[in-house]
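Taking the numbering used here, the leading residue of the sequence shown gets -19, the next gets one more, and so forth.
You may find that some hints are simply not true.
Stated by the list, open to error - Derived BS3-like pairs (lysine-lysine); straight-line CA-CA distance at most 25 Å:
no.: 1; residue 1: K77; residue 2: K28
no.: 2; residue 1: K56; residue 2: K77
no.: 3; residue 1: K56; residue 2: K28
Bear in mind the hints are in silico, worked out from the structure with no lab data behind them.
As the structure is a prediction and not an experimental result, all values here were calculated from the model.
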Amino acid sequence: MSTLPNDPPGSIPVDIASQWTANWREFIASSNQAFNILAFTIPIECIKNMLLYNENAEGIRAYIALENADEVSSAKLVMVPVIGNEDIINQPADNSKSNVYDNTDACPPVCALNSPLN
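Turn these sequences into a full structure, and let the hints guide you.
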């Protein structure tokens, strides 16, 4: 378990996070929507690379996306660095890679087993 300083910037108490995630689960359950994704796992490598290669970024915007248009279980987060209110998208001329990231896994099926947020 990591040790955190008191009140790290941007953090919220677990009980508030737990209530917010419960609100989402209740909304999904009562909305009769096919979309049932509760959470995403984001590899630290993605975050590190976004910081390393986009040093002027002020934030990260995450877009909800579907890898397969008709499969809710293929949900992904597509993440891009942000400066001001603008997405900063850079792509080499050979169209090989960019500074837009996704290696995320959706929950379900990849879910924490013992989390107060789940």
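Straight-line alpha-carbon gap K56 to K28, limit 25 Å: Measuring from Cα to Cα gives roughly 19 Å; hence the hint holds.
Given hint K28 paired with K77 - CA-CA distance at most 25 Å: holds, 16 Å
Distance restraint between K56 and K77, which requires alpha-carbon spacing of 25 Å or less: holds, 18 Å
In the structure shown, no violation is registered for any of the earlier numbered hints.
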